[in-house]
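There are 2 protein chains.
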Amino acid sequence: MNAFYTGFRTFTLVAAAALWMGCGPQGGGGASDDLKPAMTGSIAAVMQERGLTEADALAAVRTYTPTGGRDPYLLFASGGHAGHVVVIGVPSMRILKYIGVFTPEPWQGYGYGDETTALIASGDRYGKSLTWADTHHPALSETKGDYDGEFLFINDKANARIAVIRLSDYTTSQIVTSNLIESDHGSTFVTPNTEYVIEGSQYPAPLGGGYAPLEEYNDNYRGAVIFWKFDRASGKIVPEQSWAMELPPYMQDLADAGKLVSDGWIFMNSFNTERATGGTLEGEPPLESGASQNDMDYLHIIDWRKAEAVANSGRTNTIVGMRVIPLDVTIEEGLLHFVGEPKSPHGVDVTPDGREMVISGKLDTHGTVYSFEKIKKLIESKTYAGKDPYGVPILPFEESIRGQVEIGLGPLHTQFDGDGNAYTSVFIESKVAKWSLADLKLIEKIPVHYNVGHIATVEGDTVSPDGTYLVSMNKWAIDRFNNVGPLLPQNFQLIGIDGPQMQLLYDLPIPLGEPHYAQIIKADKIDSVEIYTPIGYNPVLHATDPLTVTAGKERIEREGDEVHVYMTAVRSHFTPDTIRVKEGDTVHLHVTNVEQAKDATHGFAIGAHNVNLSLEPGEHANVTFVAYRAGVYPFYCTEFCSALHLEMAGYLLVEPR
Amino acid sequence: MNAFYTGFRTFTLVAAAALWMGCGPQGGGGASDDLKPAMTGSIAAVMQERGLTEADALAAVRTYTPTGGRDPYLLFASGGHAGHVVVIGVPSMRILKYIGVFTPEPWQGYGYGDETTALIASGDRYGKSLTWADTHHPALSETKGDYDGEFLFINDKANARIAVIRLSDYTTSQIVTSNLIESDHGSTFVTPNTEYVIEGSQYPAPLGGGYAPLEEYNDNYRGAVIFWKFDRASGKIVPEQSWAMELPPYMQDLADAGKLVSDGWIFMNSFNTERATGGTLEGEPPLESGASQNDMDYLHIIDWRKAEAVANSGRTNTIVGMRVIPLDVTIEEGLLHFVGEPKSPHGVDVTPDGREMVISGKLDTHGTVYSFEKIKKLIESKTYAGKDPYGVPILPFEESIRGQVEIGLGPLHTQFDGDGNAYTSVFIESKVAKWSLADLKLIEKIPVHYNVGHIATVEGDTVSPDGTYLVSMNKWAIDRFNNVGPLLPQNFQLIGIDGPQMQLLYDLPIPLGEPHYAQIIKADKIDSVEIYTPIGYNPVLHATDPLTVTAGKERIEREGDEVHVYMTAVRSHFTPDTIRVKEGDTVHLHVTNVEQAKDATHGFAIGAHNVNLSLEPGEHANVTFVAYRAGVYPFYCTEFCSALHLEMAGYLLVEPR
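For the protein sequence lines, the chains are A and B, in the order given. The opening residue of the first sequence carries number 1 in our numbering; numbering runs sequentially from there. The opening residue of the second sequence carries number 1 in our numbering; numbering runs sequentially from there.
The hints are simulated quantities; they were obtained by calculation from the structure and are not laboratory data. Any given hint could be a false lead.
No copy is singled out in the list; a pair is fine if it fits within one copy or between any two copies.
Distance condition first, Cα-Cα at most 30 Å in a straight line; then the derived BS3-like pairs of lysine-lysine [to be verified]: (1) Lys128 <-> Lys582; (2) Lys229 <-> Lys144; (3) Lys343 <-> Lys598; (4) Lys598 <-> Lys445; (5) Lys387 <-> Lys376; (6) Lys553 <-> Lys598.
Using the sequences and the hints given, assemble the complete structure.
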């Protein structure tokens with residue numbers, strides 16, 4: 001407990017006493033009777049005028065960040081089917097950046113220049129251009145189980161893809177996809193030293209993209225978990241060193257990596273162990289019903305270090321280029337065990353000490369705390385309660401858990417602080433519950449508005465959570481904000497958790513995207529460049545571009561119908577500013593922003609040609625286009641860069657053939 | 001002046017006095033010596049811990065909006081080359097929505113379904129697909145010179161396009177483009193009853209998209225201003241009723257419509273009356289230099305009611321389908337006059353009473369106040385100082401103005417309050433200046449951070465500005481926020497202007513896009529629907545979709561290789577949830593969200609097919625795709641809609657041929 005909690009009321013009593021004793025000036029009204037005497041100062045006057053309570057005013061000063069101020073924490077959230085990542089300062093709750101990932105985003109020039117277009121296209125599947133994604137779970141890279149601030153990974157649930165974002169400049173640097181699975185959800189999660197980025201499938205399908213009738217679901221549809229090998233030195237996932245495990249056709253869901261004592265293991269939950277397949281127009285119950293018949297689904301317990309050894313031993317089948325450990329080998333080698341988990345679980349969360357795993361079922365009222373030590377002993381002693389239809393051994397539930405905590409209706413996702421407390425979102429009640437890990441007792445619930453999905457505490461997925469703030473990622477906003485049409489923003493609610501009681505501090509509307517999951521990192525762990533240096537850096541190449549243009553060396557070179565334009569940008573002109581080509585020419589534009597002043601970004605756009613670049617200080621970009629039609633097309637700088645920004649322009653002159 | 005300004009200091013003195021007299025509890029420290037005695041309450045403790053000043057705390061309570069609170073004002077900003085529109089609550093400065101306009105945006109499903117894809121494609125030029133835009137100037141629809149909250153218009157500078165957004169549901173409903181001009185900037189602006197949406201060209205080019213060498217600039221390049229006729233009943237621009245005026249090849253810039261006494265006129269400024277064309281690689285000075293030689297550019301004064309009559313009289317040339325009044329007719333009919341405007345002007349702003357126009361030159365230190373009455377008399381008496389090279393009469397500068405106000409270095413854009421004050425952004429000084437319209441005296445300047453472009457006051461472009469807040473749209477942020485890489489957010493600074501001194505209240509980073517201009521409207525003027533009713537509304541059609549699906553009437557119909565799927569979505573299943581087609585089939589999906597609960601949005605996505613819809617309550621959407629590859633593809637709801645949202649899924653089964 002700190003001084004924050006001695007109460008605003010103290011101030012009002014002091015001021016009231018002063019007034020009563022004739023110490024202060026008279027005047028002002030009051031928001032409530034007992035506050036009236038205090039409403040003399042300007043803060044009190046504003047509170048009255050705006051209808052703010054004492055708690056509101058305290059929340060205001062706890063979150064307000066004056067000009068030039070910095071946030072101690074940064075939240076990284078997925079953008080859902082907007083296909084990007086959102087960066088938010090905590091506690092100011094100001095959105096600082098949307099990072100383009102799978103969806104083209106022209107402000108960043110992302111998906112418009114040659115390299116970023118190729119980067120997005122590298123995520124195409126079966127040659128089909130994919131221009132959006134459903135990003136779900138961002139994972140910060142870790143060292144020894146702590147966020148290290150170097151990389152961020154993010155999945156695409158819809159198309160089973162993974163992207164790597166470099167936090168050294170907040171840009172996407174890689175997109176990988178295998179055709180092994182058709183959708184993912186248990187991703188991305190990382191092992192404690194980011195050896196692997198985990199991608200678990202969601203909706204089963206024939207592995208490798210083949211066709212099988214739905215009637216062959218049990219036999220020919222499968223789940224899988226892919227272990228994407230990450231190479232920190234190059235900052236890239238190495239597909240050739242990655243491998244996967246075949247899983248039964250349940251709907252695998254979220255995952256978490258063991259840490260400390262449980263390092264070397266991953267835990268992944270699942271639903272629809274009923275193997276229902278819907279059929280609403282064919283006389284069958286919908287999946288929501290068919291998948292909710294069993295009281296228990298299966299927590300998947302995977303010994304990934306042992307699996308890695310098996311994969312490297314060659315006991316794999318190669319499917320669409322991916323080494324896959326078949327289910328029979330998995331069972332034979334003891335790589336996978338199941339244990340029951342209560343109804344409709346969503347997520348499994350390993351405690352900071354790595355000793356326990358917390359799981360909640362949305363149709364159950366409990367949080368269940370599994371003991372890694374107990375589970376390991378059961379595995380070692382081969383104490384099974386049975387096997388699933390595919391032969392995977394099932395551990396006895398009661399012997400696997402330490403206990404359960406009664407949370408409420410629809411518990412969903414659990415995070416932790418550094419003081420031994422757990423926080424669980426409660427979807428149906430629209431609350432966040434705080435409970436004690438030590439004695440499994442509910443401590444407190446705070447209402448949130450409304451339908452909370454995931455929650456994030458500061459460094460809450462690490463071995464050392466910070467325990468200052470919690471963000472409740474509410475799926476519905478309903479009556480929280482001004483009406484801006486039938487598509488509502490999501491609502492991120494900031495909750496202070498460093499006092500004796502949880503305090504609702506701020507409602508942040510998310511104006512674009514439907515974030516699903518977030519992680520919060522201490523801001524000073526990230527060391528991003530402010531400009532690109534030396535001049536000529538290409539973020540996608542992560543190197544100086546070989547076609548970088550030096551001031552004074554600008555030129556236009558023609559080779560047949562191919563025209564290469566080597567251009568520089570500097571406040572406030574392009575060189576060259578006149579480009580003369582012939583109709584049908586292919587134009588290769590190589591532009592270097594030769595600025596080295598922070599924030600001296602230039603844009604480059606040509607009308608009617610869909611050409612659009614964003615050139616940060618020192619950045620080089622290339623773009624290729626066909627001069628498809630004779631005419632006169634202005635080009636100009638799209639970033640307001642100086643008083644003479646409007647004059648930073650030129651012409652593309654396309655002469656008729 | 002109101003109670004806000006009696007000063008936080010009053011409170012501290014009261015509390016200090018109380019303490020000194022032994023009235024209150026002891027304890028706490030102090031942010032500064034004279035505050036120490038007051039630092040007992042929790043607000044004071046937080047202020048000390050977070051290093052907040054008195055002004056900071058006051059700004060905090062002036063802007064903080066507690067959960068469920070509403071903003072009295074909404075700001076609509078362009079998104080620059082991100083191609084969208086941003087909606088921000090004032091004073092909370094929370095971004096409430098990004099509205100997709102020219103750029104596809106998957107969260108909204110915008111540019112993914114059949115109708116929204118066609119809508120974006122309707123803005124293609126010369127058959128070239130354009131997937132981004134450079135949005136610059138949003139204009140709210142007006143009635144009698146006041147914002148009426150019905151529509152918003154926005155331009156695309158890069159490709160000379162205009163979009164119409166319905167504020168009844170915050171969606172884009174129309175995109176128009178003519179091939180008359182190649183870029184625009186003096187757009188969008190509306191006449192006082194939204195009779196017309198004005199689009200002025202920026203960079204001259206041969207009218208109608210033809211080719212002419214740059215050497216023929218003076219003779220064959222032209223500017224133009226298009227008067228797009230708006231039909232309020234249908235909510236659409238009517239291209240056939242629209243017309244344009246040919247202008248000399250200067251770079252026409254921002255515009256404003258006259259109002260009240262000056263209703264019937266528009267004013268448009270310009271730069272590069274030198275007709276410089278750059279040539280940085282060809283031994284010529286850059287445009288920034290060539291266009292800055294003259295001391296004066298030309299304010300364009302257009303009598304649009306007279307021009308409308310001329311256009312309707314048939315004295316036009318039809319160029320690429322647009323009726324254009326030729327420059328010689330314009331001159332002969334007296335539709336256009338020039339008057340000098342000081343160096344590098346950007347924008348012309350008509351005062352709320354319609355009597356005067358304020359112009360600033362970025363390379364001049366003054367604001368110049370033009371008198372409409374004087375100008376009208378000079379026009380009536382044909383008192384000219386000369387003619388431009390094309391024969392356009394030039395009015396004498398000194399006789400056209402009431403006077404000038406010394407503002408500072410780089411004055412740029414002027415807005416107004418309701419008390420006779422003007423506010424001008426000062427780009428080079430990074431300040432906002434407040435000055436008196438009555439006596440042309442500078443009152444006060446407040447620093448902003450940094451490089452302010454446009455500013456917006458509440459209802460500042462209307463006949464009745466509100467005068468409560470001003471937003472400074474700063475182009476650079478430099479050191480204001482956490483480092484998030486070399487591409488920085490813009491910085492919108494909220495300034496309180498309802499007190500005797502301007503107060504900086506809030507810094508809002510803009511995380512996506514580079515807004516150029518904004519308008520702020522009273523929120524209660526906009527009446528948006530919360531759900532679509534009756535069920536089956538298609539926002540692009542602005543009507544019930546003829547293919548709407550009723551619950552119980554879901555079906556799959558095959559016609560040769562064309563498969564029509566009539567589907568409903570409701571928590572938490574699709575009907576049908578199994579779609580069986582053959583490889584090569586064209587699938588037409590017709591989906592109705594039959595929900596009528598607010599916020600009960602469903603998404604619909606199919607993996608590997610780039611299919612993605614957002615279905616607000618009651619909305620119907622259609623999407624067509626080819627089942628291009630045999631396989632098994634999950635589809636699912638992408639909006640977290642219920643506890644069993646993950647189970648809202650099904651399969652597209654593509655059988656091999």
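Against the structure, the hints:
{"no.": "1", "hint": "Lys128 <-> Lys582", "in the structure": "between (32 Å within a copy, 18 Å between copies)"}
{"no.": "2", "hint": "Lys229 <-> Lys144", "in the structure": "within (17 Å within a copy, 65 Å between copies)"}
{"no.": "3", "hint": "Lys343 <-> Lys598", "in the structure": "between (53 Å within a copy, 28 Å between copies)"}
{"no.": "4", "hint": "Lys598 <-> Lys445", "in the structure": "between (45 Å within a copy, 26 Å between copies)"}
{"no.": "5", "hint": "Lys387 <-> Lys376", "in the structure": "within (17 Å within a copy, 93 Å between copies)"}
{"no.": "6", "hint": "Lys553 <-> Lys598", "in the structure": "within (24 Å within a copy, 60 Å between copies)"}
Comparing the model with each numbered hint stated earlier shows that all of them hold.
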